[in-house]
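Model the full structure from these sequences, guided by the hints.
Chains as they are written, first to last, in my numbering: chain A, 1 to 313; chain B, 1 to 509.
It should be emphasised that the hints constitute simulated quantities derived from the structure, not laboratory data. Be aware that one or more of the hints could be misleading.
[To be verified] To list a few chain A residues with every Cβ distance to chain B over 10 angstroms, as calculated:
1. Gly8
2. Asp76
3. Ser126
4. His231
5. Lys234
6. Gly283
[What the hints assert, rightly or not] Pairwise CB distance ranges (calculated):
7. Phe299/A - Ala364/B: 53 to 63 angstroms
8. Gln462/B - His189/A: 48 to 58 angstroms
9. Arg289/A - Ala364/B: 49 to 59 angstroms
The beta-carbon is built from N, C-alpha and C at its ideal position, and this holds for glycine as well.
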Amino acid sequence: MMAGPFRGLYEAGILGINNRNAEIIMVQNPRSLFPLVDNKVTTKKLAALGDIPTPELYGVIIKHGDVRQFDSIIKDRKSFVVKPARGSGGSGIVLVKEKVKTGLVTESGKTITVPDLLYHIRDILSGIFSLGGQDDHAIIEALIHPDKAFTAVTYRGVPDIRVVVYRGVPIMAMVRLPTAASDGKANLHGGAIGAGIDLNNGLTITAVHKSVIVTHHPDTGNPVSGIQVPHWEKILLMAARSLEMTGLGYVGADMVIDRDRGPLLLELNARPGLAIQMANKAGLLKRIRQVDEAPEDTFATPESRVEWARQNV
Amino acid sequence: MKRPALVAALALIVISLFIVVYRIVSLGYPLTPAEPDYVWTFRFDGMLHGTGRDPLFLLSLPSQEHGQIILEEFIGSGTMNFNLLREYDNRIGVWSGKPNQGGEYISYRASVLFQHKGTDGPVVPPRSSYPYGVTEESIARIEKLTGQWRAMNLSTRIQAVLGFARAGGAGSGNDARLLELDEALEGYDDITRLQLLLAAVNVPARSVEGVDLIQGIVSTTFPWVEAWTGQNWEHIDPERMEIVSSARTFLPLSVGGMSAVRISGGKLSMKRFELTRDVMSRWRVFFERTSRSDRLLDVWSLFRIPPEFQQTFRILLLVPLGALLIALLRNIVGFQTFGIFMPVLMALAFRNTGLVYGLAIFAAIIFIGYLARRYLNRMRLLLVPRMSVLVTLVIFCFLVLALAGNRFGLTQFMAVGLLPFVILAMTIERFFVVVEEHSMRDALETAVGSAAVSVITYLIIQWEVLQITFFVYPELLLFVMGLQILAGRYTGYRLSELIRFRSFRSTGQ
Chain A
1 MMAGPFRGLY
11 EAGILGINNR
21 NAEIIMVQNP
31 RSLFPLVDNK
41 VTTKKLAALG
51 DIPTPELYGV
61 IIKHGDVRQF
71 DSIIKDRKSF
81 VVKPARGSGG
91 SGIVLVKEKV
101 KTGLVTESGK
111 TITVPDLLYH
121 IRDILSGIFS
131 LGGQDDHAII
141 EALIHPDKAF
151 TAVTYRGVPD
161 IRVVVYRGVP
171 IMAMVRLPTA
181 ASDGKANLHG
191 GAIGAGIDLN
201 NGLTITAVHK
211 SVIVTHHPDT
221 GNPVSGIQVP
231 HWEKILLMAA
241 RSLEMTGLGY
251 VGADMVIDRD
261 RGPLLLELNA
271 RPGLAIQMAN
281 KAGLLKRIRQ
291 VDEAPEDTFA
301 TPESRVEWAR
311 QNV
Chain B
1 MKRPALVAAL
11 ALIVISLFIV
21 VYRIVSLGYP
31 LTPAEPDYVW
41 TFRFDGMLHG
51 TGRDPLFLLS
61 LPSQEHGQII
71 LEEFIGSGTM
81 NFNLLREYDN
91 RIGVWSGKPN
101 QGGEYISYRA
111 SVLFQHKGTD
121 GPVVPPRSSY
131 PYGVTEESIA
141 RIEKLTGQWR
151 AMNLSTRIQA
161 VLGFARAGGA
171 GSGNDARLLE
181 LDEALEGYDD
191 ITRLQLLLAA
201 VNVPARSVEG
211 VDLIQGIVST
221 TFPWVEAWTG
231 QNWEHIDPER
241 MEIVSSARTF
251 LPLSVGGMSA
261 VRISGGKLSM
271 KRFELTRDVM
281 SRWRVFFERT
291 SRSDRLLDVW
301 SLFRIPPEFQ
311 QTFRILLLVP
321 LGALLIALLR
331 NIVGFQTFGI
341 FMPVLMALAF
351 RNTGLVYGLA
361 IFAAIIFIGY
371 LARRYLNRMR
381 LLLVPRMSVL
391 VTLVIFCFLV
401 LALAGNRFGL
411 TQFMAVGLLP
421 FVILAMTIER
431 FFVVVEEHSM
441 RDALETAVGS
451 AAVSVITYLI
461 IQWEVLQITF
471 FVYPELLLFV
481 MGLQILAGRY
491 TGYRLSELIR
501 FRSFRSTGQ
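Right under this line is the structure:
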């Protein structure tokens, strides 16, 4: 059925963007549920209901008039994160790791002034980072102190873990490792490394950097494969629970591992990207077909789905 | 999941094709409506005044005998009488009677269809003859002096005559014979001279008066000579004494030496000839025939709407095609563009600015806008005011371009006002955000992608054949919609994904 040049992709079970949009997202993710994941404040509330831990929320700035409450939200906290509630692809996020006399030091080492940050918050409220350009809210929450597991292969910033979940079954995972090129952001498009994770044992496998397979981190020089992801079972369970939490049948669950609190859910993405396939050297479509053929009782609970995924995928 | 879309798409395609076939088979619509068979509208307007007595005004009109088909004619004579005369091959319109006190406005309009290439020209070769009023002895003298040319073959003969006519006796190295020939032709005007020479070497020739077949307005007709070269009449420019290439064409009004405009007992305070070309008029020809038809599809035809609105629809009908193209280029090829319909709007704007200028202006405005946007970033403006600053900047760029265009005579620059300025302002913002969040490379790739899609769309909507075909068969929009639905159900890989996922292809499994 698949002819010519596309044959290789089809046989490798690669999911293309048209197929993802038309056959997976449109079928599995009803439009009415999108607001649950498009707004990170809502996602946090839902997660709290389902006992899924998220980074501690310090406050939400809703109106331009509320920007002056910034100080009362921060109080004497030394570090925090400012992010747009409706942002996508990590845009508009500012990580502040310490306060100094001249202002605030961001994760990438730059010092910005408080008025700079307030301007940024006003930008967020004006909707410049939001998906449709509509007015937005700014979230101020706790800065993550990443677990030591990835220190050797992280250049600044916080590595995060993406698990793609189909019908509640985790089908593919990767860890995104910031590099100098990505400016401390865990964004593959921005130049971060994506390392695929073996679903069964939580060990990193191949890694991809700017669509090239790599074995070592370009900045730290350490090998990126064979690293054990801590709390792996819990991560898979949190991801699997996204189905009960939102009703969405196809999501990318983004998580970080805090050295004190363990895995925390950052956000859910109803349109997860396709680059994860390269990080894993495996196709999503193949695994989606596997899930569709799984026995009915597999889908009963998050635990049964994780169990099936670890055994079969 | 695929079936409803497939059924809808096929239904739309079948319905549209059915209507097209019905029109062709039952209503006799042409199969290739876009055949470049232009119909010209010839117009004469004049203001006639009497000078004491009643004027008589004669105008040579386009005639079937000159190889054209007259589709329709309108005569404006005011209070005067109008009569049609026939004079050899010429048709003469005669206005007579009493003009209005302040002058009588008279007009003539005709739709003229030129025959298909290869079938025009008279079939019977004419005989050569001397112009009227030349004495026998002059003729004998000229024939004697041109005797040696008569032996040559036809085309060399014409070239020899033309060569002499160009240079005259003096330009031929004091050849006594040519000097004498020059002397024998003394006193005749250029047209008569040429006719005499051609007649003397047995080349049939005639003098013609008419206008250039190009769109525009002229105030007078001009004369030329036509020589029979065996197959058809060749046009000879009497100014330069050269055969004019057949690519340039003319509308003859008066053939055989008569002036195209003649007047007695009055004067014309204004006269002008206007020619307009109408590609669709061949269609109107068809519709003239069926205009009294009350068949549904003829009544509900786009040809029934006034011509000034038709042009808009010709373009509008192709916009869906542009949208389809964008869908294909984005979803099947994998082009990145700023926004979904920005390229369509750019393509529409290119119609006024031209492709090269349009692209250059696009690039320049994005570049200037990007620099300005970077500077604005330092000013900490909120989103909406910032966008309005960008819109103002874009409009200001238009203004500068228009003024520069006016100064240096570049109308393309003055047409910038039709570029989609809001879209340009938004494109600047998007460009900036992509540079900030991803990289300059990504931003440039997207900009080039947008430009490429705009160019392809522009080429499609400028294609006259398509414009006419869609105008004649607007039901083809349903066909396009069917294809759009099919494109919407294309869930296969994009061509760009061959590159993106190339690592999987090389490893096979």
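Each hint tested on the structure:
1. Listed as a non-interface residue, glycine 8/A fails to keep its Cβ farther than 10 angstroms from every Cβ of chain B; the least gap is roughly 4 angstroms.
2. Chain B leaves aspartate 76/A outside its interface by the beta-carbon criterion, the shortest separation being 26 angstroms against a cut-off of 10 angstroms.
3. Distance to chain B contradicts serine 126/A as a non-interface residue, since its nearest Cβ pair spans about 4 angstroms, not more than 10 angstroms.
4. Residue-level check passed: histidine 231/A sits 30 angstroms from the nearest beta carbon of chain B, beyond 10 angstroms.
5. Under the 10 angstroms C-beta cut-off, the non-interface status given to lysine 234/A relative to chain B holds; the minimum distance is some 31 angstroms.
6. Against chain B, the non-interface label of glycine 283/A is violated: not every CB pair exceeds 10 angstroms, the least being about 7 angstroms.
7. As the Cβ distance of phenylalanine 299/A to alanine 364/B is approximately 57 angstroms, the hint placing it in 53 to 63 angstroms holds.
8. The hinted window of 48 to 58 angstroms between glutamine 462/B and histidine 189/A is violated, with their beta carbons roughly 36 angstroms apart.
9. Restraint check, arginine 289/A to alanine 364/B: a C-beta distance of roughly 51 angstroms satisfies the suggested window 49 to 59 angstroms.
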